[in-house]
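Participant: Next come the chains, spelled out residue by residue.
Number of protein chains: 2
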Amino acid sequence: MNGHGGDIYNNRVDIDYSVNLSPGGIPYEVRIAVVDALENIGNYPDMDSTYLRDLIAGNNNVSRDEVVMTSGASEAIMAAVRAVSPHKAILIEPSFYGYRHVLESVNCEEVVQYMAGADLTIDDDLPDMIDDSVDLIFINNPNNPTGRLINSKLLERILDKARDTGTKVILDESFYYMSQAVTDSYSRDIGGLLNEYRGLYIIRSYTKLFAIPGVRAGYILSNRDNRVELTRQLPEWNISEFARRSAVACERMMSEEYIGRVYRYIVKERDYLKRGLESHGLKVHVSDTCFFLVEGDDRLYDRLLNKRILIRDCSNFEGMPGGMFRLAVKDHDSNERLLKVIGEIYGT
Amino acid sequence: MNGHGGDIYNNRVDIDYSVNLSPGGIPYEVRIAVVDALENIGNYPDMDSTYLRDLIAGNNNVSRDEVVMTSGASEAIMAAVRAVSPHKAILIEPSFYGYRHVLESVNCEEVVQYMAGADLTIDDDLPDMIDDSVDLIFINNPNNPTGRLINSKLLERILDKARDTGTKVILDESFYYMSQAVTDSYSRDIGGLLNEYRGLYIIRSYTKLFAIPGVRAGYILSNRDNRVELTRQLPEWNISEFARRSAVACERMMSEEYIGRVYRYIVKERDYLKRGLESHGLKVHVSDTCFFLVEGDDRLYDRLLNKRILIRDCSNFEGMPGGMFRLAVKDHDSNERLLKVIGEIYGT
Numbered sequence: 005m006n007g008h009g010g011d012i013y014n015n016r017v018d019i020d021y022s023v024n025l026s027p028g029g030i031p032y033e034v035r036i037a038v039v040d041a042l043e044n045i046g047n048y049p050d051m052d053s054t055y056l057r058d059l060i061a062g063n064n065n066v067s068r069d070e071v072v073m074t075s076g077a078s079e080a081i082m083a084a085v086r087a088v089s090p091h092k093a094i095l096i097e098p099s100f101y102g103y104r105h106v107l108e109s110v111n112c113e114e115v116v117q118y119m120a121g122a123d124l125t126i127d128d129d130l131p132d133m134i135d136d137s138v139d140l141i142f143i144n145n146p147n148n149p150t151g152r153l154i155n156s157k158l159l160e161r162i163l164d165k166a167r168d169t170g171t172k173v174i175l176d177e178s179f180y181y182m183s184q185a186v187t188d189s190y191s192r193d194i195g196g197l198l199n200e201y202r203g204l205y206i207i208r209s210y211t212k213l214f215a216i217p218g219v220r221a222g223y224i225l226s227n228r229d230n231r232v233e234l235t236r237q238l239p240e241w242n243i244s245e246f247a248r249r250s251a252v253a254c255e256r257m258m259s260e261e262y263i264g265r266v267y268r269y270i271v272k273e274r275d276y277l278k279r280g281l282e283s284h285g286l287k288v289h290v291s292d293t294c295f296f297l298v299e300g301d302d303r304l305y306d307r308l309l310n311k312r313i314l315i316r317d318c319s320n321f322e323g324m325p326g327g328m329f330r331l332a333v334k335d336h337d338s339n340e341r342l343l344k345v346i347g348e349i350y351g352t
Numbered sequence: 005m006n007g008h009g010g011d012i013y014n015n016r017v018d019i020d021y022s023v024n025l026s027p028g029g030i031p032y033e034v035r036i037a038v039v040d041a042l043e044n045i046g047n048y049p050d051m052d053s054t055y056l057r058d059l060i061a062g063n064n065n066v067s068r069d070e071v072v073m074t075s076g077a078s079e080a081i082m083a084a085v086r087a088v089s090p091h092k093a094i095l096i097e098p099s100f101y102g103y104r105h106v107l108e109s110v111n112c113e114e115v116v117q118y119m120a121g122a123d124l125t126i127d128d129d130l131p132d133m134i135d136d137s138v139d140l141i142f143i144n145n146p147n148n149p150t151g152r153l154i155n156s157k158l159l160e161r162i163l164d165k166a167r168d169t170g171t172k173v174i175l176d177e178s179f180y181y182m183s184q185a186v187t188d189s190y191s192r193d194i195g196g197l198l199n200e201y202r203g204l205y206i207i208r209s210y211t212k213l214f215a216i217p218g219v220r221a222g223y224i225l226s227n228r229d230n231r232v233e234l235t236r237q238l239p240e241w242n243i244s245e246f247a248r249r250s251a252v253a254c255e256r257m258m259s260e261e262y263i264g265r266v267y268r269y270i271v272k273e274r275d276y277l278k279r280g281l282e283s284h285g286l287k288v289h290v291s292d293t294c295f296f297l298v299e300g301d302d303r304l305y306d307r308l309l310n311k312r313i314l315i316r317d318c319s320n321f322e323g324m325p326g327g328m329f330r331l332a333v334k335d336h337d338s339n340e341r342l343l344k345v346i347g348e349i350y351g352t
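Top to bottom, those sequences are chains A and B.
FYI, the numbering for the first sequence is 5 to 352, going by this note's numbering.
FYI, the numbering for the second sequence is 5 to 352, going by this note's numbering.
For the record, the hints were derived by calculation from the structure and aren't laboratory data.
Take these hints with a grain of salt, some might be off.
Simulated restraints, written as ranges between beta carbons of each label pair [what the hints assert, rightly or not]:
1) B:39 with A:13: 18 to 24 Å
2) B:135 with A:320: 44 to 50 Å
3) B:18 with A:199: 39 to 45 Å
Counterexamples of contact, computed for chain B against chain A with all Cβ distances above 12 Å [unchecked claim]:
4) 14
5) 43
6) 76
7) 82
8) 86
9) 116
10) 120
11) 131
12) 161
13) 164
14) 215
15) 227
16) 249
17) 264
18) 309
19) 318
Sample of chain A residues at the chain B side, in silico, Cβ under 7 Å [said to hold, decoys possible]:
20) 30
21) 33
22) 38
23) 48
24) 102
25) 109
26) 219
27) 235
28) 236
29) 239
30) 244
Note that the structure is predicted; figures quoted are calculated from it, not measured.
By construction, the Cβ of each residue, glycine as well, lies at the ideal position given by its N, Cα and C atoms.
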């Protein structure tokens, strides 16, 4: 079993369905940015990343002071949690296990679990759990590993309640731009959101949409009042020149057209995979993004790995029923091969 | 005035004497490693960095479990300080101001300053300051901005005292392999050191010796007992694929011959700069490494910048006498140009 997705170092893997990246792959513009960065690795990166933060601010309708650059989402989450320094936090389960890693690093005394319902979605009772004693709540939207978006009215109720109780909210949007939400994402008033919810930390990264987990580039969007404390919790030169240049290239590509195109491809291939998997008798769960849950058995995991296809065994996610596996939506050729191998396994 | 070295983003600079990098520049092997890394940025980096840590362990005669990879020295220092979580710490002044940044991030209540003597070196009385109440002491060896190595007998006394009082030691060797110490560095028993001093955290980076500040790659050497806590204090995917591949290339290049060759060049050019600067009436301080202090006046800083040469104004280092500037030892052509411009300024 794997502790995390993407572990191609301890397995022999040709196709990795355990990491959830854009099936479009790494854009050419990012590769060029990396080669350009080579010319400047002999200099310390610009600590302030002014140009990059202006680009991000422009694309999100926020001010430059509301953008804090980080070395991927994992550093972003760590910096936000350290800035909050929670004594009591709510974790929704099942969700990204990395939140627990950072809560442990700050010795958070009390971690309250909200267990998602039988359909693995968040229900209307979540806001009731938030009171003055809760310092922090994590919302992963869409949620990993379930692939589900939170209902937007419910999210608003959570944010309202958190504002009233002084609870900080880490809203992890690592997969947001590869989800159903993109259809209205460009109408969101993020600046207004950061102004109204001053305890809100939105986590973003370039890892998923641009398929560059090896680069480590991400950022936090939060009210300008939180900037000093977030910066204090980060190493002084925290992003590499490669990360900075790649992020610039990604921001320049960011448009309704680009994310729309990627998402339409995801929907098409997700439907294709769902039909194929179901035709072999496997139960496929509903997803709003670029990965989904499948109910299977040990045959599914082991025999796929035997064919050098890695999927994510979800048994180490808290609150996850047994026999669940997470699969990414990949390019059509890979998906075709996956279905062929599954057809061989289940003999249908 | 500049808050830190290397700020070529807010100044127009042709030659940057404010950062202290190997005058040999970026090795060809590292450039190749970056291009190779491009092939793998679509995968999550190997969290465990097993192969890389084995290389480092081999080059330092320690075990793999005594090596923790970080995104440059700045992340290494932050992780070590968080692992220690000090209430009271000793800072030697003047020294690298980044230590204060990390002490603030953990809300260290009491920071005691040890002020270096008139010659800016550490004296025999330093160990007397260490007692049971001190959680942490920083030693920068050689020290930035003075360029001086600590006397090895004195360092041993500090380590002994710290061991006896349970005080942790962060030994920052960012410039160690570009200092006089390299002449005997390969005979050091680092494994033995980590075993005897369990509260010792040695900080290393590839930034200086391989002239790659834009890559962000470094590591911590510490007793294996500290590994779990250090890892807990780092983001899960903290080093980029570029950092990992560059570090592998650097470790393969590491040899007595390589570091000896770089250091001999530094000594030659440092002597050349010293003679030239003194011939123009400037006082040059003794240094054991690739940068040194010069006593000057505003003319020196402003008029060099006017000629697009940036040096480090040291006035924001605590405990630094006025009129001090730090200059790197660079390649011969640059050094020649620097001396020419200084000759024009001082009219000699």
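Participant: Any hints from earlier that this structure breaks? Give me their numbers in increasing order, please.
Facilitator: Going through the list in order, the structure violates hints 4, 5, 6, 7, 8, 14, 16, 21, 27 and respects the others.
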